[in-house]
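2 protein chains.
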Amino acid sequence: MTAPLFLRACRGETTERAPLWLMRQAGRYLPEYRQVRAGVSFLELCKTPKLAVEVTLQPIRRFGFDAAILFSDLLVPLEAMGLAVEFTDEGPRLPQPVRTPADLGRLATFDPAARTGFVLETIAGARRELGDTPLIGFAGAPFTVATYAIEGKTSKGFGETKKFFYREPEAAHRLLALIGEATRDYLVAQVRAGAQAVQLFDSWVGVLSAEDFETYALPPTAALVAALRATGVPVIYFGNGAAAILDRVARVGADVYGVDWRLPIDEARARLGGARAVQGNLDPAVLLGPAAEIERRAREIVRRGGKRGHVFNLGHGITPDVPIEAVEALVAAVRSC
Amino acid sequence: MTAPLFLRACRGETTERAPLWLMRQAGRYLPEYRQVRAGVSFLELCKTPKLAVEVTLQPIRRFGFDAAILFSDLLVPLEAMGLAVEFTDEGPRLPQPVRTPADLGRLATFDPAARTGFVLETIAGARRELGDTPLIGFAGAPFTVATYAIEGKTSKGFGETKKFFYREPEAAHRLLALIGEATRDYLVAQVRAGAQAVQLFDSWVGVLSAEDFETYALPPTAALVAALRATGVPVIYFGNGAAAILDRVARVGADVYGVDWRLPIDEARARLGGARAVQGNLDPAVLLGPAAEIERRAREIVRRGGKRGHVFNLGHGITPDVPIEAVEALVAAVRSC
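Chains A and B, in that order, are what the protein sequence lines are. Here my numbering is used: the first residue of the first sequence is 1, the next is one more, and so on. Here my numbering is used: the first residue of the second sequence is 1, the next is one more, and so on.
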């Protein structure tokens with residue numbers, strides 16, 4: 001039996017067409033998701049395996065995407081490390097963020113089965129339903145998770161994070177290493193539970209200078225990626241906003257690099273030093289445009305992505321205002337190439 | 001008499017040291033600014049030449065920066081074009097944004113003396129006080145101004161802007177061209193009133209793909225820059241978040257390229273195709289760190305910037321939480337190189 005299209009592309013193989021999935025494909029643009037979500041809070045949904053399995057499967061049923069991704073949140077492991085997390089209408093809030101070296105004492109690695117059993121159950125449950133469609137596990141990359149720990153919310157300027165880094169560099173390195181170790185345990189457990197690939201989301205890494213990326217973000221991320229690759233599943237690193245420093249990003253050592261929409265995907269691949277596999281990179285806002293424009297841009301990405309090691313995706317998560325018809329047009333265009 | 005250091009660096013000349021000014025140097029981090037601002041609204045301050053002159057001069061008096069910049073706002077010319085603008089605690093609001101081609105009928109070029117006389121008076125007044133310190137005029141670049149016209153506020157995802165571009169490309173080009181023409185008249189008037197250089201702030205251009213930059217942002221900006229260069233003053237283009245596409249940014253045709261902090265400034269200059277002059281590029285968040293770190297990073301930028309055509313600046317505006325002592329440390333470090 002041939003391995004699924006998605007996994008072959010992740011390994012840098014030549015595929016008959018580009019496999020396709022969308023970041024945040026289980027989300028608010030889907031009426032069936034909004035229906036489930038109407039009855040429960042976001043955190044309840046993440047922590048109730050039956051419901052999390054259901055929303056993980058929804059986009060597969062509707063569009064037949066080539067991979068499913070675990071429905072969960074970047075902050076789940078941070079809560080398991082010991083930081084209280086609340087979800088408000090304005091986004092996540094951590095009432096007791098890390099602001100001093102002493103605050104690190106409140107954080108620790110954790111036993112994934114004991115603290116995040118609901119995630120592992122969701123993975124096992126989704127796998128039972130998915131058949132041949134591979135399931136992607138995920139977590140935040142250490143830098144991005146650290147910004148939530150330090151800022152206590154989704155930041156704008158990331159001033160607290162950088163202040164902590166510059167004023168307490170040793171504590172910053174310890175915090176990032178600790179998050180990296182906890183994330184390693186968490187993702188290894190996801191793989192054991194059935195995840196067939198894992199993606200690290202470095203959603204905020206684009207706020208760093210090349211020097212700060214190399215000093216703070218890269219070492220714990222590269223260590224984490226190396227440990228995850230040892231499990232045998234492909235590791236995808238998505239560095240949002242990092243198009244300017246892809247030469248440094250390549251040192252993460254991932255199997256697949258997710259790239260945002262700033263650069264054409266063939267240029268991004270070249271700047272990554274000819275990465276074996278890339279994932280992306282349609283601007284999600286194109287899905288707000290007319291079908292002809294969606295099709296034209298999707299075909300251009302398929303052409304530039306090439307037949308070898310290209311997973312089609314957006315350059316960032318799909319937004320709630322995208323019409324279903326736009327996704328249908330995208331799926332049809334990518335499949336027909 | 002030798003021309004001022006700042007103007008010589010803008011022309012790509014070799015200077016004895018890098019001239020220094022800071023984006024948003026007349027701003028809330030200064031106690032004397034907060035004192036003026038306590039008595040008036042932000043818009044009143046912009047529209048009262050006596051007060052606008054005062055806050056323009058404050059950072060020069062305190063730090064002796066090598067250039068002053070007009071105190072004003074990006075939205076002043078948009079209001080003069082016909083769109084109502086309000087300033088709220090959450091930032092600017094335009095209650096009647098541009099959402100359809102018909103909405104363009106509400107916008108027109110304007111007579112700068114008639115509609116923005118307060119800006120020209122501020123420039124003339126500041127020049128009388130500034131002595132040998134050159135004064136920079138400024139405006140938003142067409143794309144960035146268009147985002148405010150379309151979104152009606154500072155956006156996060158810029159979905160409305162891109163939707164307008166993709167659904168109404170002809171109207172989008174007309175809107176961008178119209179803003180470009182109005183900005184040309186506005187900045188030419190600033191030069192006639194006494195501005196010795198002009199800076200275009202393309203604050204949001206980093207949200208565009210290379211293709212969209214080339215299609216939408218570049219043509220009106222390049223036309224505007226060419227018209228402004230004909231006045232004989234140096235034209236600075238600051239493309240925030242555009243480090244990934246500096247090869248395209250270079251086609252703007254500016255005298256000086258302001259660059260954000262993502263890339264070391266020598267790499268940025270190389271990607272710009274060896275720009276004659278560059279401006280930047282310390283991460284403003286470094287000013288939240290200890291003095292030793294500020295000094296180390298400032299010296300590194302001076303070293304990488306080289307002696308030819310380098311204006312020292314931040315990679316983005318200074319933030320209100322920066323301590324005065326941090327700016328003092330920065331000024332001393334740059335001057336001592």
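Take these hints with a grain of salt, some might be off.
It does not matter which identical chain is used: a pair holds within one copy or between any two.
As the list claims (entries may be wrong) - List time: in silico SDA-like cross-link candidates among lysine to any residue, alpha-carbon distance up to 20 Å:
1. Lys156 <-> Arg93
2. Lys156 <-> Asp321
3. Lys156 <-> Arg28
4. Lys47 <-> Pro219
5. Lys163 <-> Pro290
6. Lys153 <-> Ala114
7. Lys156 <-> Thr88
8. Lys163 <-> Pro323
9. Lys153 <-> Ser41
10. Lys153 <-> Arg308
11. Lys156 <-> Gly27
12. Lys163 <-> Asp321
The set of hints was computed from the structure by calculation and includes no laboratory data. Just so it is clear, the structure is predicted and the values come from calculations on it, not from any experiment.
*Could you place Lys163 and Asp321 in one of the four classes (within, between, both, neither) given a Cα distance threshold of 20 Å?*
between (35 Å within a copy, 11 Å between copies)
*asked:* Reference check for the pair Lys153 and Arg308, CA-CA at most 20 Å: within, between, both, or neither?
replied: Classified as neither; 39 Å inside a copy, 42 Å across copies.
*Within, between, both or neither, where Lys156 and Thr88 count as close if Cα-Cα is 20 Å or less*: Classified as both; 17 Å inside a copy, 18 Å across copies.
_Alpha-carbon proximity context of Lys163 and Pro290, limit 20 Å_ = between (44 Å within a copy, 9 Å between copies)
*Can you give me the call for Lys153 and Ala114, within, between, both or neither, at a CA distance of at most 20 Å?*
neither (26 Å within a copy, 45 Å between copies)
*Intra- versus inter-subunit Cα pairing at 20 Å for Lys156 with Asp321*: between (22 Å within a copy, 14 Å between copies)
*For the identical chains here, do Lys156 and Arg28 meet the 20 Å Cα criterion within one copy, between copies, both, or neither?*
Result: close only across copies, 17 Å inter versus 23 Å intra.
_Status of Ser41 relative to Lys153 across identical chains (alpha carbons, at most 20 Å)_ = Within one copy, since 18 Å is at most 20 Å while 29 Å is not.
*Using 20 Å as the alpha carbon limit, work out where Lys163 and Pro323 are close: within a copy, between copies, both or neither.*
between (41 Å within a copy, 12 Å between copies)
*Taking 20 Å as the upper bound on the Cα-Cα distance, should Lys47 and Pro219 be classified as within, between, both, or neither?*
neither (31 Å within a copy, 50 Å between copies)
_Checking an output row: Lys156 and Arg93, CA cutoff 20 Å. Within, between, both or neither?_
both (14 Å within a copy, 19 Å between copies)
*Is it within, between, both or neither when you check Lys156 against Gly27 at 20 Å Cα-Cα?*
So Lys156 and Gly27 pass the 20 Å test across copies only (19 Å; inside, 23 Å).
When the structure is compared with the earlier hints, violations turn up for hints 4, 6 and 10 and for no others.
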